[in-house]
Amino acid sequence: MKIEVLFFGGLRELMGCSSMPIIEVDTTDNVLEKLNQINDKLAGKTFQLALNNKLIKENTPIENGDQLALLPPFAGG
Amino acid sequence: MKNVFIKGPIKAEFIAESIAKHSHKTNIGAHDIFLGQVRADKVEGKEVQQIDYSAFEEMANEAFYEIRERTFDKFDLSCMHIYHSLGAVKAGEISLFVFVSSKHRAMAFDACRDIVEDIKANVPIWKKEIYTDQSHIWVE
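Residue numbers (the numbering used here), protein chains in the order written: chain H, 1 to 77; chain P, 1 to 140.
Simulated from the structure, these hints should not be mistaken for lab results. Note that CB positions come from ideal geometry on N, CA and C, so glycine has one too. There is no bait here: all hints are sound.
Below, simulated DSSO-like cross-link-like pairs (lysine-lysine); rule was C-alpha separation at most 30 Å, straight line:
no., chain 1, residue 1, chain 2, residue 2
1, H, Lys-41, P, Lys-42
2, H, Lys-57, P, Lys-128
3, H, Lys-34, H, Lys-54
4, H, Lys-54, P, Lys-7
5, P, Lys-11, P, Lys-21
6, P, Lys-120, P, Lys-2
7, P, Lys-120, H, Lys-54
8, P, Lys-11, P, Lys-128
9, H, Lys-45, P, Lys-120
Under 7 Å between C-beta atoms, here's a sample of chain P residues computed to sit facing chain H:
no., residue
10, Ile-119
11, Ile-125
12, Trp-126
13, Glu-140
Per label pair, the in silico range of CB-to-CB distance:
no., chain 1, residue 1, chain 2, residue 2, range
14, H, Gln-67, P, Lys-2, 20 to 30 Å
15, H, Gln-37, P, Ser-18, 42 to 52 Å
16, H, Met-20, P, Lys-120, 24 to 34 Å
17, P, Lys-120, H, Glu-4, 26 to 36 Å
Can you make the complete structure from the sequences, with help from the hints?
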């Protein structure tokens with residue numbers, strides 16, 4: 001299973017890219033574990049998750065081709 | 001879906017034209033406008049020179065659409081318009097323009113405040129403050 005992870009705001013700077021593919025994952029928690037292995041500073045950051053543009057509040061199964069966005073606290077206006 | 005984003009600052013001329021476009025809608029008795037302006041905050045001896053706005057545009061435009069739906073359900077408005085900057089906006093320039101119109105003032109005042117709070121809480125937009133020494137901070 002392969003999904004695309006998107007980063008925004010300060011997380012884009014932290015991860016050094018705007019998106020990356022993550023493979024061999026079944027749930028959003030799996031994705032976060034993999035991302036923490038890539039950059040352990042992510043664990044100290046506050047963010048929400050959006051799976052295919054919808055905010056999710058808990059661990060969620062993912063499908064091949066899904067898009068998971070990591071959204072730092074919003075600061076519009 | 002309507003695109004709310006404008007590249008760079010929202011110009012005074014654009015705001016004036018938006019107001020002028022409503023002169024033929026004579027059922028309107030009250031307009032209320034909110035303008036968000038970039039503040040030159042001072043932090044540790046340096047000053048904010050500009051803000052760089054970025055967004056998850058696809059999701060943000062959906063969020064703006066939902067705000068629009070919620071607002072029309074809740075308030076009896078003749079029309080509403082929202083514009084938000086993307087990219088660089090200097091201190092003193094406008095980055096958010098919310099414009100609501102109704103028959104009477106109370107409805108316009110209440111709706112405008114509601115929309116601004118809704119935008120701040122629910123739209124995936126981020127800002128990076130750039131200081132005079134070119135250092136920056138992501139606002140959270």
